[in-house]
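Quick note, the sequences are listed as chains A and B, same order.
Take 61 as the starting number for the first sequence in my numbering and just add one per residue.
Take 13 as the starting number for the second sequence in my numbering and just add one per residue.
Calculated directly from the structure, the hints in this document are not laboratory data.
Honestly, I wouldn't trust all of these hints.
[Stated by the list, open to error] Straight-line Cα separation of at most 27 Å, BS3-like style, residue types lysine-lysine; simulated pairs: (1) 367/B - 118/B; (2) 254/B - 137/A; (3) 87/A - 257/B; (4) 63/A - 118/B; (5) 115/A - 254/B.
Keep in mind the model is a prediction, meaning the values are calculated, not measured.
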Amino acid sequence: MPKISFTSALKRFFPDLKEEIQLPGSKVSEILKNLENKYPGITDYLVDEEGQLRKHINIFVDGQLIQDRRELSDVLKEEDEVLIFQALSGG
Amino acid sequence: MSFSKAELNRYARHFVLPEFGMEGQEKLKKSSVLVVGAGGLGCPLLLYLSAAGVGRIGIVDDDVVDESNLQRQVLYTVADLGKSKAETAKEKLLALNPHIQIDVYKERFVPDNALDLVSKYDIVADGTDNFPTRYLVNDACVLSDKINVYASIFRFEGQISVFNYLNGDGTRGPNYRDVFPDPPPPELVPNCAEGGVLGVLPGIIGSIQANEVIKVLTGIGEPLSGRLFLFDTADFSTRTLKIRKNPDLEIKDLSFYEEYCMPGRSHIKEMDVSALQKWMDDGEDFQLIDVREPYEYEVANMGGELIPLGEILQQADRVVRDKKVVIHCKTGVRSARAIEQLERQFGFSNLYNLKGGIEAWQKK
Numbered sequence: 061m062p063k064i065s066f067t068s069a070l071k072r073f074f075p076d077l078k079e080e081i082q083l084p085g086s087k088v089s090e091i092l093k094n095l096e097n098k099y100p101g102i103t104d105y106l107v108d109e110e111g112q113l114r115k116h117i118n119i120f121v122d123g124q125l126i127q128d129r130r131e132l133s134d135v136l137k138e139e140d141e142v143l144i145f146q147a148l149s150g151g
Numbered sequence: 013m014s015f016s017k018a019e020l021n022r023y024a025r026h027f028v029l030p031e032f033g034m035e036g037q038e039k040l041k042k043s044s045v046l047v048v049g050a051g052g053l054g055c056p057l058l059l060y061l062s063a064a065g066v067g068r069i070g071i072v073d074d075d076v077v078d079e080s081n082l083q084r085q086v087l088y089t090v091a092d093l094g095k096s097k098a099e100t101a102k103e104k105l106l107a108l109n110p111h112i113q114i115d116v117y118k119e120r121f122v123p124d125n126a127l128d129l130v131s132k133y134d135i136v137a138d139g140t141d142n143f144p145t146r147y148l149v150n151d152a153c154v155l156s157d158k159i160n161v162y163a164s165i166f167r168f169e170g171q172i173s174v175f176n177y178l179n180g181d182g183t184r185g186p187n188y189r190d191v192f193p194d195p196p197p198p199e200l201v202p203n204c205a206e207g208g209v210l211g212v213l214p215g216i217i218g219s220i221q222a223n224e225v226i227k228v229l230t231g232i233g234e235p236l237s238g239r240l241f242l243f244d245t246a247d248f249s250t251r252t253l254k255i256r257k258n259p260d261l262e263i264k265d266l267s268f269y270e271e272y273c274m275p276g277r278s279h280i281k282e283m284d285v286s287a288l289q290k291w292m293d294d295g296e297d298f299q300l301i302d303v304r305e306p307y308e309y310e311v312a313n314m315g316g317e318l319i320p321l322g323e324i325l326q327q328a329d330r331v332v333r334d335k336k337v338v339i340h341c342k343t344g345v346r347s348a349r350a351i352e353q354l355e356r357q358f359g360f361s362n363l364y365n366l367k368g369g370i371e372a373w374q375k376k
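Generate coordinates for the entire structure from the input sequences, incorporating the hints supplied.
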């Protein structure tokens with residue numbers, strides 16, 4: 061199962077987030093669906109009403125940016141590491 | 013280019029560094045860097061770039077030193093409270109290294125001045141503290157073919173990259189919009205004032221940023237282009253992630269800035285130039301204030317009272333409260349900022365922003 065981790069800024073909104081969890085899913089969109097089951101409300105923060113990735117969020121799979129921000133159709137392998145992170149503005 | 017005896021002594025540890033040597037030091041001396049923001053990231057960045065001998069450094073910051081800055085902005089002391097950050101920084105940096113030149117811009121980095129400022133320097137380092145300015149720095153650099161050494165921080169985390177890098181084949185590396193295509197709505201992303209920041213974090217991240225600036229200027233090592241470095245100091249995890257250009261992305265001008273990201277602007281009262289003309293025709297009693305710089309005022313003005321944006325809070329007693337006040341600048345961006353500051357700090361409720369500024373007035 062792919063391993064999912066998060067930028068710690070996300071914990072501000074979801075304090076229960078674990079450092080790393082494993083969730084089933086062969087596409088990024090499926091991972092987000094399963095994530096929602098575990099942490100209700102989190103997908104609202106990550107994607108907009110149309111299901112597109114929000115502008116300040118991005119996802120890396122195995123250290124590479126995903127290609128499809130709109131449908132989240134990037135394919136995942138069992139051993140992939142998925143990092144969900146967000147833009148920071150502080151200076 | 014030659015070095016004085018004092019410089020030869022000062023840079024001795026660079027000269028003996030095989031990859032650096034006299035050649036690297038000469039490159040630094042010939043270089044210029046624009047540092048946007050003299051805050052948490054800007055302080056270590058400026059200290060190390062100055063100490064290292066970057067020949068000319070521009071500092072853009074319209075802010076003054078506040079007590080809440082001292083927890084991390086290590087250029088400033090208690091004696092500097094209330095003073096201009098850019099001016100204070102210049103004084104300290106020249107005391108550190110008198111062999112360099114520091115240019116001070118006590119203004120905000122806005123569409124009005126962005127391209128002009130960027131054009132005067134070899135590369136840009138982004139140490140700003142808000143999304144609008146970060147996108148503006150990015151876009152101005154892309155439009156001007158300048159490298160943007162980027163860093164940002166929040167709480168315990170930092171992000172760093174070298175954007176718009178000039179590759180050996182003449183192409184440009186990815187930029188900020190390739191990672192985050194557009195700015196988020198402000199309510200979704202907290203800033204450091206709301207979310208907090210560990211004081212030492214900008215010291216770490218700003219120092220890495222300075223290192224990338226020096227690498228780019230001297231050509232030493234592999235710059236952090238096409239990669240985004242994430243550092244979470246809380247659990248000491250680091251990640252270097254690959255980023256790439258989005259072929260569909262095109263930055264044509266700086267117009268997005270007004271449309272997307274003037275935080276808090278929606279509550280500001282605005283009026284257009286024809287409404288202003290009507291007030292004048294009707295003999296309406298109001299005060300007109302121009303928040304541009306004196307040199308701009310000299311070129312052309314609308315007869316308003318001149319209070320440059322950087323002085324608006326100190327001179328707030330010149331803004332009347334018993335009648336309407338119209339505030340303008342060149343295009344309406346700085347005046348919106350002035351109104352925001354006056355409303356927030358002094359609770360004004362009689363201020364109107366002239367949409368399009370003096371430019372729109374002249375075209376009328």
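Here is what the structure says about each hint:
1. 367/B - 118/B: holds (23 Å)
2. 254/B - 137/A: holds (18 Å)
3. 87/A - 257/B: Holds, at roughly 22 Å.
4. 63/A - 118/B: violated (48 Å)
5. 115/A - 254/B: The given pair, whose Cα atoms are some 18 Å apart, holds under the 27 Å limit.
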